[in-house]
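Chain V is fixed; fit chains W, S, Y and E with the ligands onto it per the hints.
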Amino acid sequence: MAVAIEHQSQTVDTSPKGIQVSPGLRASGPVVVLLGLGFLAPLLTVAAYAFATPKSFDAFRSFTLANFAVIFDPANTVWTSFAWSIAYAVATVVLLAIIAYPIAYGLHRLFGKWAGFVSVLFVFPLFVSENVRLYGWVLFFIKNGVLDGALKALGFSGGPELLYTPGAILFGMLYVYLPFMLFPMTLGIAMVPKDLIDAARDLGAGRFMIWREVELPLAMPGILIGMLLTFVLGAGAIAESKILGGQSVITIAQDIEVAFTYAQNWPLGSALALILVVIVSGLALTVLSKLDLDRILGRR
Amino acid sequence: MTLAVTSSAIAAEPLASAVPQAKPVLQLVGVRKVFGEFAAVDGVNVDFKEGEFVSIVGPSGSGKTTLLRMLAGMEGPSEGYITLRGNLINDVPADKRPTCLVFQSLALFPHKTVGENIEFPLKVRKMPPAERKARALELMRMVRLPESYYGKNVMRCSGGEKQRVALARAFAYDPDVLFFDEPLSALDYKLKKALEKELKDLHRVSGKTFVYITHSLEEAMVMSDRVGVMSRGKLVQIGTPEEIYTKPANRFVAEFFGEVNSFEVRRGADGWKAADGKALVVSGLPEGVSDAATVIVRPETMRFVPTGAAVDNAIQGTIYNEYSLGSRMQYQVHAGERIYLVEAPRGGAVSAGDAVTIGWDAADAIVVGD
Amino acid sequence: MTLAVTSSAIAAEPLASAVPQAKPVLQLVGVRKVFGEFAAVDGVNVDFKEGEFVSIVGPSGSGKTTLLRMLAGMEGPSEGYITLRGNLINDVPADKRPTCLVFQSLALFPHKTVGENIEFPLKVRKMPPAERKARALELMRMVRLPESYYGKNVMRCSGGEKQRVALARAFAYDPDVLFFDEPLSALDYKLKKALEKELKDLHRVSGKTFVYITHSLEEAMVMSDRVGVMSRGKLVQIGTPEEIYTKPANRFVAEFFGEVNSFEVRRGADGWKAADGKALVVSGLPEGVSDAATVIVRPETMRFVPTGAAVDNAIQGTIYNEYSLGSRMQYQVHAGERIYLVEAPRGGAVSAGDAVTIGWDAADAIVVGD
Amino acid sequence: AGREKELNILCWEGYNSAQVLDPFRSSKGATVKAESLTNDPTMINRLRAGETRIWDLINVNNPWARKVMAPAGLIKPLPKAEFEPYFDTMLPQFKSPYRWAMSDDGKDLLGMAQRFGPYSFVVNTDKVSRATAEEQGWALFADPALAGKYGILESDDWNVFGIFMVAGINPFKEHTDAEMKLFSETAEKVFKGAKMVGDIASLNQALVSGEIDLHLTGGTYSVSPARADGYLNLRAVTPLKGPIDGKGGISWIEITSTVNNPDLSPLATEFLKYVQQPEVAHTVAFAEGTFNPVSQMGNKKCFDLFTKDELEAIQWDSLEEEMARSAEYDIVPDYEKALDLMTAAKRLRG
Amino acid sequence: METRAQIRTRFAIRVWTAFVLLLVYLPILCGALAGLTKGRYFVFPVKVFSGEWWEKTLSSLEIQTLVHNSLLIAVIVTLVSVLFAFFGALAFARYEWKGRKLYQKIILLPIFFPQPVLGLALLLWFNALGINPSWMTAVIAHLVWIVPVVTLVIAIQVYGFDPTLEEAARDLGASRWFILREVTLPILWPGIWSGALFAFLLSWGNFPLSLYTAGVDSTIPKWLYSKMVAGYTPMVPALGTMSTLSAAALLLGGGLIGMLLRRRRAEA
Ligand SMILES: Nc1ncnc2c1ncn2[C@@H]1O[C@H](COP(=O)(O)OP(=O)(O)OP(=O)(O)O)[C@@H](O)[C@H]1O
Ligand SMILES: Nc1ncnc2c1ncn2[C@@H]1O[C@H](COP(=O)(O)OP(=O)(O)OP(=O)(O)O)[C@@H](O)[C@H]1O
Ligand SMILES: NCCCCNCCCN
Ligand SMILES: [Mg+2]
Ligand SMILES: [Mg+2]
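Just so you know, the protein sequences line up as chains V, W, S, Y and E, in that order.
1 is the number of the first residue of the first sequence in my numbering; add one for each residue after it.
1 is the number of the first residue of the second sequence in my numbering; add one for each residue after it.
1 is the number of the first residue of the third sequence in my numbering; add one for each residue after it.
1 is the number of the first residue of the fourth sequence in my numbering; add one for each residue after it.
1 is the number of the first residue of the fifth sequence in my numbering; add one for each residue after it.
Hints in this document: simulated from the structure, not taken from any laboratory.
Treat the hints with caution; some may be incorrect.
To be verified - With a straight-line cut-off of 30 Å between C-alpha atoms, the simulated DSSO-like cross-links for lysine-lysine are:
#1 Lys-152(S) to Lys-113(V)
#2 Lys-247(S) to Lys-197(W)
#3 Lys-234(W) to Lys-152(S)
#4 Lys-197(S) to Lys-208(S)
#5 Lys-67(Y) to Lys-33(Y)
Claimed, not checked - Label pairs and their computed distance ranges (CB to CB):
#6 Ala-128(E) to Asp-91(S): 44 to 52 Å
#7 Ala-309(S) to Glu-259(W): 29 to 37 Å
#8 Arg-346(W) to Gly-76(S): 37 to 45 Å
#9 Gly-76(S) to Gly-336(W): 55 to 63 Å
#10 Lys-5(Y) to Pro-110(S): 25 to 33 Å
Said to hold, decoys possible - Sample of chain Y residues lacking proximity to chain E, with all beta carbon distances greater than 12 Å (derived):
#11 Ala-18
#12 Val-32
#13 Arg-53
In this text the structure is predicted, and so the values were computed from the model without any measurement.
Where a beta carbon is used, it is the ideal one built from N, C-alpha and C, also for glycine.
This is chain V alone, in the form it adopts within the complex (with noise of 0.2 Å):
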């Protein structure tokens, strides 16, 4: 009998055999193939100029620490740029998670048949280029401009003087990346059912504890993938201080550019690029690993 089913198990061909692909794998596929054949080769690249002799094109041809020994000397100062940039980034995310959190809630629980509209007028906007929308403020808050001129013409003194100051890049940064922390967490406070949240309120909880107990976590996909989007997306900002800052603060970002462009420093420009992408991945992989969303959401 057991040969006897053995034997009828091969002739049904419902079982599937040979190399089984597990459906994870199968799925990433696509992406996985698009960034090895999109971004491996990218990432060798700049990794050799990073290593390459300074100031040279010499890629893949010298291998030196040198881009790195000047990028470490103690008298090089652009560890203030990247200090800037992680310092903005930060402020950036703790800000918008702030500034979008309520909008997010009331666009899932509150605005009801309004809520696809009002989500849909923030994002009118977004078609216009960040550079332009920045502008826009320039033109808002420059001296005779729309606020100045406005309060002038009612007889006020005029403005303040906003304009080309620390505070405006950090302005400007809330402003471009408010919808990659809007929408993530929109989507995020989406999955959390209401039925939970009542059971919640009913077991004796106040807003603050349902908020932090319930809500927080299993809204936590939305909220730490927005998080993560402007936090990156921050830490490489260049536009904000260019247009809104008056360059008052030089990004990361900024230093890249140059050594690329005015200085035709290729691999020292590497070099930057690549400790930037060591400190951003480093610190996100960090903040993310605590806070381990498949741990958060019990899937493992």
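Only chains W, S, Y and E with the ligands this time, still in chain V's reference frame:
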């Protein structure tokens, strides 16, 4: 005490009209809940007394869950008034009510372990972690969950395990009034029995008020001080189990507690008569019943009449079918155009195909109005 | 036929050991399912025969759902073999098996209406919309859902309504083998009865194989050809309802079907003796039972013995407590150190505090091995 | 092969405008694509990264062709015989052999000259008079009284020159450590005192709005659109004297070269000839965006096309003397070091 | 169930949302004003209005080409990235498989990378491989950066997806494709829609990658950037206003048509 339930919403002076003798903990007056066009709860008036154990039964979709959700504060009534110890609480949110609901859908926190779920209400009231854990373990023992489940992902639990976590979580909260929405439906017989006992003990010891939805009539009968029966959004009867069983308010209630034998009857000059003209003996004349009524005889009061024995009402028939109900058997007896149900202990002398006389005593007949 | 179930996983020559007489539709050999360290299903061997209606019962967490998920192809066994009509299907995915599972968690499609949920399997096989709708309405009638629910958002349905949608969806699929995981647990008594009948009819007419998890012992007894009892991942007994009830394989099975009176006994020179030395009369000497055993007497075979009447085994005691079970009463009788349970019809002559003699006949005693 | 009908131009703003390209497109029946970039090094990057196979013409400022692109093999020489004659009709200073159009050894013609201009700084003459500005020159940016009132154009190569000039040092020579130290200190001071660093649009807007009164780095190229808009109070200024052999300003000349494209379009040279025509040269000078003098103004036929307003926009009245006071943009031998110091100085702003 | 505190919170959230929306539109309004003034430079209150810049923008062939290029790239990037990212998100958040942890990390790397550097490095490779940069290479460059972002966005919703629904569908005989169409896609739809929006916007507005990889096919952001730096005219803000208005018309119009269709279907 069977409460006369009026189903119309009371419009003006709502609270003055229903002054209860014993102060009720919860009072519903003309409560309605409408979803779109449809009234899921349609004019319910009822008092729940302090320390009472009330079961609510009723067909699927009759509005039981909706009623409980309104009592717990998850949903506001579309019409009517809910008062807690005399205070109107229509708009008081769930966290401000001394009540707790064990959800039919359980509503467990999927991102928390079994222990964390149970400890949630304790965390809310800032009990120190060690104490919390001790209490959680105690409650887990009570619902028969092994201690090793404390750290288990609650989504990995079996259906019955989840249900017990939900129960333990509500016990942890320990409010004055507990609402249960089919809390034992996913449990096996033994466990159900054990937890029924725990619930009953808890109720007795704590003096809390329990409102309990169940589909198990046995549960409703064994555990409750009163049983309420819902139908199409209305509370059609509420009374002690005995009352509900022996004096159902109408045919719906009578039939709801199990398959019954029923006869349309009319009162003639010579007493009650069945539709087919056969005279029936029923005990007394119930009040408030018109000349047309329905006589109900439960399968367990219907019995096989040994040849020659006396019985108030007798019918000749043939056993058509028999089923085992565990410790008892149910027989379908064919007589005339109809099939009658007779329930008798296992091991009786009759079996399918036998010609038998069945009958019932006048005292066992139930007369209802529709 | 009670199958002797060995609970150890069979390592070598797995299939040779269990040659069934009638060709089984599904055969499990040494099936285990391990989650982490824990074996949720632990070496199950069983055949399901073509056209059979098998109920699976067992305590919460005993592995019933896990077993069904493996049979349906949702989960692969960690060990052992599952064959379908002789073909190994361990790795055959759910959509390639002629089986369908009604989930304990229902798994309704939240974005679809009641109608769309039911029509899902029909849409899969490209039935034209008009035909689909007709079939869906027919099934809705069968599960007693009003026609107006066809377009209703399924998430807005009550617990019992949802359960019926899940059932109708599986019927729409109409596979050779149907698995049900507590499909009627959220329904009221009447509806449950009606759907039990529908299920039974469907089973009879279609000749399909049904495997049915339930916590309702009555359901298991009334509906099934065979009942399997699970405990801690093992299938401890499978047999006809009658067998399971009257010849439980062990004390666990006996007790699972309701509270029982049990006596540890030893066979001495003068027959069976209870632990307290009292001689007991039990019918015959069961095979395969060692000299130490347990005698089980069910509350419904335990009876009040009228003074002077003859009975094989008698105990003197006092009625300590009585409960209503609906049509019957349960009495707790205090005797010596112990409490015995007696179940009797309502309206008996005894009541709490009475001194009574209880007893049972030798033929009603069940002797089990542990 | 098969590129007879297509031409790709990598250029500064202006050559990519419809006014310039459309007539060429229709006359040749060709597909012409032009991309304008906003700094020389980025364009060079594109070629270095391999885009020599795409572009036919590249238009950058003077020293890049001769000192960077030609040695790196990114461009190829023009047929001398065909193109040298054009230089003769240009303004006098472009007479052949024109230094920036030739290879270092003087053998090859590397490109054609067209737009040019002085590029030192821009003032609002309502706030700082032209005379004061010319007189004081670069020292304005070291004047504590003007701190917070000036901007700096974001153009780091050019700013390096500017800072050297403010420090009173000739940028286009090797520098001593002391000079570099002075450069660094000057950079710190100048950047610290700047209200803003920004692009041309921002700086012109800031000048018009009154946010700033003057800005470092800039000239006719940057201020002409504002002047054309009627803000004649805004003016590019070339100091009377300065550290480059006495010259007070710096000027630029764009050179357009043929890319070392293995499959160079025959239209490349056609286009170079096309833009020499008086009408086209005028259009180039006044293509949308920025307005500049062109070397072809040496040809009367071309010059006559300029209206009075146009001449005013490009400060024609003083162009000759300002060019005379300017040294031509060149490579700074220790540019990288200076740039590093300046970048460090910029960081101190934050 | 509404307490006074809740009503207050609701009100506060409404006001806050309205305030943020006002800020979102403020620079857009300033740009709209600038695009309608006569001069190049902006002074408020505006003295002379003019439609000149709108006219020029609308009649510019160059801008038509740029819009065409930008749209072409953005549409293709949106379609491809949503397709890739949908499966990518399933691998990220739905399936349990061996390489998952690692995959979850590598997928983040491209977005950690400074975009101009990525663009330049890609350009080096395209040229090394003999591929002429064009809008097609820009599509690839955009995908490298955008697919990971969209994967994350869609993954959010996948985290909330109940896998037993797929199991149930499978058990009812549905094929992989059928399940995808009838169960997975509709339930993940909000996430996919958000992902598509992200993809489109990130591509439509991308400057640093396009700068290096679009070859001769220029795009709107490249044009705007060069205009801003050298050669600013109010065509820049005019084009911005037009983009906002077209987006509004498209999205609102689309939404309206969708609503009408749904209503009609509901009636039928
Ligand atoms: N994914 C899982 N991970 C870990 N343990 C699990 C998992 N699924 C089930 N279990 C455990 O396996 C055991 C059997 O679960 P199963 O759901 O089969 O029980 P059941 O017999 O259906 O119980 P119930 O009657 O309560 O539904 C339980 O103890 C449960 O906690
Ligand atoms: N949110 C809702 N929208 C529309 N109808 C609803 C909603 N909630 C419940 N209903 C309907 O109201 C009726 C009562 O529902 P409810 O859940 O109270 O029933 P129930 O008595 O608890 O039933 P069950 O025993 O099946 O759980 C049902 O017909 C249900 O379909
Ligand atoms: N960013 C402008 C700095 C250089 C000035 N040159 C203007 C050149 C136009 N070819
Ligand atoms: Mg319910
Ligand atoms: Mg189960």
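Hints and how they fare:
no.	hint	in the structure
1	Lys-152(S) to Lys-113(V)	holds, 19 Å
2	Lys-247(S) to Lys-197(W)	holds, 28 Å
3	Lys-234(W) to Lys-152(S)	holds, 22 Å
4	Lys-197(S) to Lys-208(S)	holds, 15 Å
5	Lys-67(Y) to Lys-33(Y)	holds, 27 Å
6	Ala-128(E) to Asp-91(S): 44 to 52 Å	holds, 45 Å
7	Ala-309(S) to Glu-259(W): 29 to 37 Å	holds, 34 Å
8	Arg-346(W) to Gly-76(S): 37 to 45 Å	holds, 43 Å
9	Gly-76(S) to Gly-336(W): 55 to 63 Å	holds, 58 Å
10	Lys-5(Y) to Pro-110(S): 25 to 33 Å	violated, 59 Å
11	Ala-18	violated, 6 Å
12	Val-32	violated, 10 Å
13	Arg-53	violated, 6 Å
Hints 10, 11, 12, 13 from the earlier list are contradicted by this structure; the remaining hints agree with it.
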